[in-house]
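Work out the full structure, taking the sequences as your base and the hints as a guide.
Protein chains in written order, with my numbering: chain W, 303 to 533; chain D, 303 to 533.
Hints were generated in silico from the structure; no laboratory data involved.
Note: identical chains are not told apart, hence a pair may lie in one copy or across any two.
The list that follows gives simulated cross-link-like pairs (lysine-lysine, DSSO-like), each with its CA atoms no further than 27 Å apart: (1) K499 x K356; (2) K430 x K451; (3) K479 x K499; (4) K356 x K430; (5) K479 x K451; (6) K306 x K458.
Since the structure is predicted, the reported quantities are computational estimates derived from the model, not experimental observations.
2 protein chains.
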Amino acid sequence: MRIKVMQDIMAANDMIARENRRIFDQHGVFVVNLMSSPGAGKTTLLERTLAALKDEFAMAVIEGDIQGQLDAERIGRYGVPVLQINTGGECHLDANMIRNALDRLDLAGRELLIIENVGNLVCPAEFKVGEDRKVMILSVPEGDDKPFKYPLMFMKSQAMVVNKIDLLGMVDFDVEKVEQAVLALNPKMAIFRLSCKTGEGVEAWLDWLRGQVRCGGKGERRSKGAEEQKR
Amino acid sequence: MRIKVMQDIMAANDMIARENRRIFDQHGVFVVNLMSSPGAGKTTLLERTLAALKDEFAMAVIEGDIQGQLDAERIGRYGVPVLQINTGGECHLDANMIRNALDRLDLAGRELLIIENVGNLVCPAEFKVGEDRKVMILSVPEGDDKPFKYPLMFMKSQAMVVNKIDLLGMVDFDVEKVEQAVLALNPKMAIFRLSCKTGEGVEAWLDWLRGQVRCGGKGERRSKGAEEQKR
Numbered sequence: 303m304r305i306k307v308m309q310d311i312m313a314a315n316d317m318i319a320r321e322n323r324r325i326f327d328q329h330g331v332f333v334v335n336l337m338s339s340p341g342a343g344k345t346t347l348l349e350r351t352l353a354a355l356k357d358e359f360a361m362a363v364i365e366g367d368i369q370g371q372l373d374a375e376r377i378g379r380y381g382v383p384v385l386q387i388n389t390g391g392e393c394h395l396d397a398n399m400i401r402n403a404l405d406r407l408d409l410a411g412r413e414l415l416i417i418e419n420v421g422n423l424v425c426p427a428e429f430k431v432g433e434d435r436k437v438m439i440l441s442v443p444e445g446d447d448k449p450f451k452y453p454l455m456f457m458k459s460q461a462m463v464v465n466k467i468d469l470l471g472m473v474d475f476d477v478e479k480v481e482q483a484v485l486a487l488n489p490k491m492a493i494f495r496l497s498c499k500t501g502e503g504v505e506a507w508l509d510w511l512r513g514q515v516r517c518g519g520k521g522e523r524r525s526k527g528a529e530e531q532k533r
Numbered sequence: 303m304r305i306k307v308m309q310d311i312m313a314a315n316d317m318i319a320r321e322n323r324r325i326f327d328q329h330g331v332f333v334v335n336l337m338s339s340p341g342a343g344k345t346t347l348l349e350r351t352l353a354a355l356k357d358e359f360a361m362a363v364i365e366g367d368i369q370g371q372l373d374a375e376r377i378g379r380y381g382v383p384v385l386q387i388n389t390g391g392e393c394h395l396d397a398n399m400i401r402n403a404l405d406r407l408d409l410a411g412r413e414l415l416i417i418e419n420v421g422n423l424v425c426p427a428e429f430k431v432g433e434d435r436k437v438m439i440l441s442v443p444e445g446d447d448k449p450f451k452y453p454l455m456f457m458k459s460q461a462m463v464v465n466k467i468d469l470l471g472m473v474d475f476d477v478e479k480v481e482q483a484v485l486a487l488n489p490k491m492a493i494f495r496l497s498c499k500t501g502e503g504v505e506a507w508l509d510w511l512r513g514q515v516r517c518g519g520k521g522e523r524r525s526k527g528a529e530e531q532k533r
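Below, the structure written as structure tokens:
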């Protein structure tokens, strides 16, 4: 029974995610679904990204939280459209929440939408929302055993940010070991070591994101992104 | 429909949790459900606790992970019975998983069972497993906004360990602000600041746990625990 219910939920979610994707494509907006454990640095990475790219691309943000407006308030300072979704207890965003949010967020002219998911290394990986890319963050203090314990997130993402590298040496974290484990699960993963606090390594992440938006984003260049998504 | 399904799932879970609790009470074993985000330090706190208390109390451990045996292997070194549950994708332990595990874990003579839940600051808070106490860990690098964003875990727990205080000053984390926020949500929360790495503050946690086991645990002393549980 439980399996049947879950299959129904996932099938319904995937259908709505395809509808979201169609809406994103119509507007020519490239969409990133940003995921991690609580406190790994999603909002801080988003702030770094907005500060660097908001004059380069027309950006928008959807903030997903169980409750509260804290992240939307932080992001609001950057002068881009931001919409807060409160899941009211749900541990992840799903396609229907995003679909409903799109009624309140004007995508006209937007080029890059970043969706910050609820802090959770497990469930968000299961729910497509219509994104072009799934990006995950693993932070150094979380430890280097996470790919072994939460493999789905590492398998489903196209890029991984290893954040808080300023804390390397202060906690037990073997970055080479982590990257080997991740590449064994997902050989195509793009990996970026950085510190949102100090700024070290952030430029490589920004370059990758620029390339994704330019090549996988608008108009005719969209076709490449669509192909990648199918693989 | 979704709400009805969730209500059915929670009602079934609570029924099995009560059955688990009856089994724990029959054996006179005090049960802690240990929860946190991935990488906050559940296994390390467990190791500190086992090292200090395993000769004082007859202990046992249930390890919950989505997959793998890493934590059971770490805990196995301490010479106490340990059972690994793999949830196979589920983001939390539920009462039925614990019920099934009890067929394979001999509780005779055990005084303290610690159940390490899947790393997740959201869903485990919703699922009783028959425990006497819910204990949560918040680690300093996760940031001080977590009580505002994930309130249920803070509301449901009887004790909170603030772990990795050796990193205070290296990350943005106002420990007073966190404790005020937590006590606003849950005025009875017992709070322990400690570092599993350096050992600082661990003794106060151990003293609390000793008191809980002695006063809420076996035989006639059980009645007090049962009363507390009802409140």
